[in-house]
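Turn these sequences into a full structure, and let the hints steer you where they fit.
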Amino acid sequence: MAIVMRRRSVRVLMVVAAGFPLLLAGGAALLTVVMGGTCTGSGVGDAPSALAIRDIPASFLRIYEQVGAQFKIPWGVLAGIGQEECDQGRLPDPSCTPVPGATGPGVANFAGASGPMQIGVGGLAGNEYQSLRRYLPDPSLGPHDPTTAVELAALVLIRDKGAPLGQPIDAYAVYVRAYNGSGPAADAYAARVLADAHAYQGVGTTAFGPSCSAALGTPIVPGTRARILPSGDAAAPADTPTVVQRMIAAGNRIDRFPYSYAGGHGAVAQR
Amino acid sequence: MPPRLRPPVSGSNLRLASRVAARFLLSYLKFAYGRARATSVEAVTPGLRGQLMRDRAQVTPAERARHPRVVSLRVLGTNPGFVIATASVKDEGIAAYRLRFALREEGGRWLVSDVQEG
Numbered sequence: 002m003a004i005v006m007r008r009r010s011v012r013v014l015m016v017v018a019a020g021f022p023l024l025l026a027g028g029a030a031l032l033t034v035v036m037g038g039t040c041t042g043s044g045v046g047d048a049p050s051a052l053a054i055r056d057i058p059a060s061f062l063r064i065y066e067q068v069g070a071q072f073k074i075p076w077g078v079l080a081g082i083g084q085e086e087c088d089q090g091r092l093p094d095p096s097c098t099p100v101p102g103a104t105g106p107g108v109a110n111f112a113g114a115s116g117p118m119q120i121g122v123g124g125l126a127g128n129e130y131q132s133l134r135r136y137l138p139d140p141s142l143g144p145h146d147p148t149t150a151v152e153l154a155a156l157v158l159i160r161d162k163g164a165p166l167g168q169p170i171d172a173y174a175v176y177v178r179a180y181n182g183s184g185p186a187a188d189a190y191a192a193r194v195l196a197d198a199h200a201y202q203g204v205g206t207t208a209f210g211p212s213c214s215a216a217l218g219t220p221i222v223p224g225t226r227a228r229i230l231p232s233g234d235a236a237a238p239a240d241t242p243t244v245v246q247r248m249i250a251a252g253n254r255i256d257r258f259p260y261s262y263a264g265g266h267g268a269v270a271q272r
Numbered sequence: 506m507p508p509r510l511r512p513p514v515s516g517s518n519l520r521l522a523s524r525v526a527a528r529f530l531l532s533y534l535k536f537a538y539g540r541a542r543a544t545s546v547e548a549v550t551p552g553l554r555g556q557l558m559r560d561r562a563q564v565t566p567a568e569r570a571r572h573p574r575v576v577s578l579r580v581l582g583t584n585p586g587f588v589i590a591t592a593s594v595k596d597e598g599i600a601a602y603r604l605r606f607a608l609r610e611e612g613g614r615w616l617v618s619d620v621q622e623g
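If you read the sequences in order, they're chains A and B. Heads up, the first sequence is in my numbering, so the first residue is 2 and it goes up one at a time. Heads up, the second sequence is in my numbering, so the first residue is 506 and it goes up one at a time.
Careful: at least some of the hints might be erroneous.
From the structure, some residues in chain A lie toward chain B, with a derived Cβ separation under 10 Å [what the hints assert, rightly or not]:
id	residue
1	L52
2	C97
3	G121
Because the hints were derived from the structure by calculation, they are not lab data. All C-beta atoms, glycine included, are put in the ideal place defined by N, C-alpha and C.
The following block contains the structure:
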């Protein structure tokens, strides 16, 4: 009788494997299918337009691209929200100020919105920070930390508003509208965010993710450590050997199949 | 030669609707950018006023800091007593955006009954 395990076990295996690349490199070869290209370095460039490069502070642009790839949301949508909320963190409003490493909810405006992406921390804006922080890589960081702010914005869209993953920019209109609220003013907000997103993301770029991630078939995160994303997939670290990245991508492809000891995945395990 | 159809809204009536649309827009943009209350929006039906007062859109810090201006306003009479208006609005953001709204003639007055994104 097959013993069916939950896919969490597979994910744990993938993270352990990412931490010990040399030990498992041989095993990785067994999991790998033929894939083209290598994905080293930052791996998160997705053809920002000249306007995006000119208008968005470099540090923020990098964060939008990374978080967009991690969460499978078009980075231009996240950048558009950043533009329409706090002018990319440039507004002198204290509730907007980016503070790298800031912990806790931080300074909020009269409605209870905090940080460059104006995440609700209580009051009229709700408390998205409290309900979503457990999904953050570091839950101690708050909405004034730039990376955390953008991660929280992606989480609000996906977990709070029900946005789908990996869709073109225009598919996010209703979710961006809900990010702001309801009614005609929220309609106008969504229209501006999407217009910004198209202007930022440039001609010919319609979907999420860097070309490197697309080639690999799995999201890439900077650094040397893999990360489990809210979607349940593992993001491959950019600065590790290609074989490790491919192994993680292969794990993502099979981790939704049932698994049994000595029975493998797929049809065999399902009997 | 087929007979010309009369426009559903006469020229003079369309000009009147256009003036009402412009008046609405000025007051509406003040509201949308956090500088006025929903009660101060002019020339709207009771239904739309109720919606504006009920809705919970957050005025963002960026919106409060910007000064929107109407780049263009077009009106089109589509049915007797009904006009669609389309405005292009530019603030200090990076892209212009469109607002579309409907006007209805009620009791000899034009009133805006619905607003949505372009």
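To see whether the hints hold, each was checked on the structure:
Taking 10 Å as the C-beta contact cut-off toward chain B, the hint placing L52 of chain A at the interface holds, the least distance being around 7 Å. The interface hint given for C97 of chain A holds, since its Cβ lies 5 Å from the closest Cβ of chain B, which is under the 10 Å cut-off. The beta carbon of G121 of chain A is positioned within 10 Å of a beta carbon in chain B (closest approach about 9 Å), and the interface hint is therefore held.
In the structure shown, no violation is registered for any of the earlier numbered hints.
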